[in-house]
Amino acid sequence: MKNIFSFSLFLFAAALTPVASSAADADYNLVIKDHRFQPAELIVPAGKKIKMSIENKDATAEEFESHSLNREKLVAGNGTAIIYIGPLAPGRYEFFGEFNKETAQGVIIAK
Amino acid sequence: MFGSAIIVFREVLEAAIIIGIVSAATRGVAGRTRWLIAGLLAGLIGSGIVAASTDAIASFASGVGQELFNAIVLGLAVLMLAWHNVWMASHGAELAKKARTVAANISEGRSECSILMVVVGLAVLREGSETVLFLYGIAASEGSSARTMLFGGLIGMLAGVAVGYSLYAGLLRIPMRWFFAATGALVLLLAAGMASTAAHFLIQADLIPALASPLWDSSSALPENGLLGILLHSLIGYDARPAGMQVIFYVAVLAVISLGMKLAAKPRKSI
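Residue numbers (numbering that gives the first Met the number 0), protein chains in the order written: chain A, 0 to 110; chain B, 0 to 270.
Think of the hints as simulated: they come from the structure by calculation, not from any bench.
A portion of the hints provided could be inaccurate.
Claimed, not checked - Covered by chain B, according to a simulated footprint, are these stretches of chain A (three or more residues, beta-carbon under 8 Å):
id, segment
1, 47-56
2, 73-82
Said to hold, decoys possible - Residues from chain B that keep clear of chain A, each with C-beta distances beyond 12 Å, as calculated:
id, residue
3, 41
4, 147
5, 154
6, 161
7, 188
In this text, a Cβ means the ideal position worked out from N, Cα and C, and glycines have one as well.
Assemble the whole structure, with the sequences as input and the hints as a guide.
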């Protein structure tokens, strides 16, 4: 049980770790409007961890999802979310809004 | 309609698989059904609350509150499942013996049942809140397609529940000699998979390093969004592109729980 206990302590400590950053200093910004991503194409440097903010200007929630980036994140209606991706190998990484897949499509290109 | 059915199916399936396994694993424990329903209801109410406060949760901890929330919920579930397996390792033989007789209940199942309730509640809470948000989004949008999409959601929900129930019914057919060993192994893998997902959220929030990202890429051989991939993800935590840290979490939880089970099984008294 002791190891399980320390594992939970670790999780708890992680929960309390202050994160000294916010949407303002994000490297890249995505906006969701009318169930579309703007910009739909984002060029980022390869081999670098990237902080991205996703602002949802629609009234309903959206889920930013990308299989190739292995990311999934809910963005509340009229809300903003922060997500960290990478470091990425050079290439194309498609993403989409799971709740509105027909229109919400985009791609991140790492160069 | 098909699209919404798939989305809801995926969310419901994950919770249904957890509930199916945990229900089977607590076979023979007194008052189990009541606790299960209590957990289900608590989870449903909770997911409504979580869905309504998505933005508040998200803005907590500088925008990564959602990841923290998910990681904590998963961490709690891992602890509960670990405790379940350790408890079973010391009481399983007794349960197996009693379950063969008509009076299948044992009296000391109280703590075990509350664990069942919490695990079920947490599973429904996590998966349910996304479903609520999705369905709410559809319902809020005007137009004739909303109704068919909601209908699709209902189909997806029923399909997910059906898979969970089939898993439960299938597990119950396992002969009693192997039954608790089988459910114990499933719970173990379930817990390890949850730990890996928790690590995934903490990486996404940049709270722990990814180490290698990804460690491997098996998405072309077994895509995570295919039916088999989804099933394996829910059952054993399959990830087509895991980060190195996820694999460390997975293996660590696997090792720690196995050790706990071994230690608990040796002395025939209790832990």
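Hints breached by this structure: none
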